[in-house]
Amino acid sequence: MRVAQLMLIAMSGLALAGCPKKQTTLPDASNPPDQSSAQTSQTTDTSVGEGRDANQVLLDTAKQTGTIIYFDYDRAEIKPEFVTIVTAHAKYLNANANNKVRLEGHSDERGSREYNIGLGERRAQAVRRALMLQGVTEAQITTVSYGEERPAVQGSDEAAYAKNRRVELVYGR
Amino acid sequence: MLKLARLLAIAAVAALIAPAANAQLVIEITRGQENAVPIAVVPFGWTGTDAAPFDMAQVIASDLRGSGRFDPVPFDKMIDRPSSGQEIRFDDWRYLKSDFIVVGKLIPQGADRYAAQFELYNVLNNERLVSQQNLTATTGSLRALSHRIADIIFEKLTGVRGAFSTRIAYVSAEGTPPNQRYKLIVSDYDSENPQVVREQDEPIMSPAWSPDGTRLAYVSFENKVSSIVVQTLRTAERSRVSARSGINGAPAWSPDGSTLALTLSRKDGDVDVYTLKLQSQELKRMTFDPGIDTEPTWSADGRKLYFNSDRAGSPQIYEIDVANPERAARVTFDGPYNARPRLSPDGKQLAVVLQDRGNFRIGTLELQSRALRVLSNGRQDESPSFAPNGAMLIYATQDRGRGVLATVAVDGTFQQTLKAKGGGDVREPVWSPFPGGR
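Chains F and X supply the protein sequences, listed in that same order.
Under this note's numbering, think of the first position of the first sequence as 1, with each following residue one higher.
Under this note's numbering, think of the first position of the second sequence as 1, with each following residue one higher.
If a hint is listed, it holds; no wrong ones were tucked in.
For lysine to aspartate or glutamate, the following EDC-like pairs were computed, each having C-alpha atoms within a straight-line distance of at most 16 Å:
| id | chain 1 | residue 1 | chain 2 | residue 2 |
| --- | --- | --- | --- | --- |
| 1 | X | Lys183 | X | Asp201 |
| 2 | X | Lys267 | F | Glu138 |
| 3 | X | Lys77 | X | Asp92 |
| 4 | X | Lys224 | F | Glu168 |
Just so you have them, the derived chain F footprint on chain X, three or more residues with Cβ under 8 Å:
| id | region |
| --- | --- |
| 5 | 175-184 |
| 6 | 203-216 |
| 7 | 246-256 |
| 8 | 259-271 |
| 9 | 335-342 |
| 10 | 373-382 |
If you're looking for bench data, these hints aren't it; they were derived computationally from the structure.
The model shown is predicted, which means the values in this text are computed figures rather than measured ones.
Built from N, CA and C at the ideal position, the CB exists for glycine as well.
Modelling step: build the complete structure from the supplied sequences, incorporating the hints.
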C-alpha cells in the first residue's frame, strides 16, 4: 500500500517533470470575463474536539516537512526531494476540505520583472497541479505570483538566487 | 564543378557574414561624445545683492549633456562670464572650440519673484538664434524654467522637441526582505523633485502613464493578491480595474487611453495578454499560446501589440494585429533572451531587455533592418522606457547591489546614472508623455 502510494507520487512528479512549459488545461476564449475579484484566502477551520487535534497534528507534520519548494533556474518542475512536502500538505488539506492554502510563486531577480511574474505563476501552478493530483480540490487552492518582488534573501549570487526561486505554501493570512 | 565553386563561394561569404551578424549583438558601447556638439552654457548673471538663488546654467548644461547630442564646455574652462549678447567676445569662444554659446541673467523682482532672459548664439558666425527676454519664475520654479530653456535650445539646434520638462514614475523598495516598504514615486525626468504618490507594505510594480499624463496604471499586491490600479495623480483617487484570480500584470495604455493591454493568468494559470476596455470592462483575449505571454506594448496607431513570449523556449518578442490576434509573428531572432519591448515614439525601433554575454542589458532593435544594438553595460539592466521625443531612454540598473536609474542617449553615445535620493532600491522607471499628451 505504502509502496503503491509512493509510486504514484513519484509518477506524478515525473509527469510534471516531463512537461515543464505547457499547461495541461487551456482556457476557453469564449468564457465570460472572470469578474470574481480579490479573494483573500481564509482559514475556516470549523472542526472541533478530537478531529481538530488530529488535524492539528496533520498540519504540524505538513509544516515540519516543509513549507517551501525550491526550483531550478527558469524551470517549474517539482524536484523529487520536494514531493514529500506536497504529500504532507495534501494529506492535511484532504482531511480539511474547508481549509485553503495559498501558493506564493517566486523567481530570482534575473531577467525582466513581468516575465518573472509569469515564471512564479508557472511554479505555483506546478504545485497546484501536484496537490490536485493528490486529491486537493480546486476551491482549496489560491495562487499568487510575486515574481522577483519579494525575495527571501537579498543578494546577486547563485546562493541567493537558489533561495529565491520558490513556492511557499501559506495558510491563513 | 562551377556549381561547387559557387557553393563554396557562398559558404565563404556566409562565414564572413555570420560573425558580423553576431557582432551586432556585442557592439561596443561608445561612452565618449565624439559627435556631440560643443556648447558653452555660461553661468547666468545675477543682478541681486545676495547670493544667486539657483544655478540655472548647471541644470541646462546637464540636460544638454545627458541627451548625448551636446558636449557642454566645463565651467572652469570659461575665461569670461558674459550674461548678454553684447558682452560676448566671440573669438574667445571660438578659441575654446565651442560651436554655440548660451548667455542669460536672472533679475530679482520683489519677494520670491524673478525675471529671466537668455540668448543663444552660433559662435562660428556670431548669429543670434534665440532671444527670450520676458521669462518669469519663483524660487520654486527656477529649476522648471531651466529645463524649459534647455528644451528651447535643444529644439532650436536639433529640430527635435526637447523632453527635459517631462517626468518619470518609478518604484522604490526600502528595508530588508521580507519586510520591505514599497513606494510609487513621480519626479522630474532627472529624478529631482520626487513625490510619493503611493506607499504600502505590499509590492508595487509596472507603472504606466496614461497617454495624457494625468493617471498611472500599476500593479499592486494589496491583500496578498495582484490587481491593476489606475490612480489619478492630481486627486490621488484610485480605482481597481482588474482583480481577477491569478496574475493581473503588465498594464499598457492604448494610444487613445480607452483600453489597457494587460497580462492575466485566470484560474487555469495560462499566462496571456488581454485587452480591457476601461469604460465597458470588455475583456478580449489577445494571445493563445500555453507559454508565458506578457509585457504588451502598443504601436502608435493602436493597431498592433508587441509582447514577450517564451513559446519557442525562451523569451522573444512577437507582434499581433489587435483586430485579428490569432496569428502572432515573431520579431526578434538574435540572442537567447529578448524581453520587455517598448516601441520608440517614431515607431521605428523597439527597446528590449536582452541577454549579452550572460548579462541582462538594454538594447534597441531597428524594426526595418533588424539591427540590434546594445546600449547599456550593467549586469542586471531592465525596464527600458523611451523619452517622449525618442532621444533618450531611461532604465534600471544596479550600483553595488542597489537598484538605481540611468539614462542613455538613444544612439548609445552618452550614459549616466541618476542620483536617486534615499536608501531605497529604485526600479521600473517610466518616462511620462509630453505635458498635455503626445
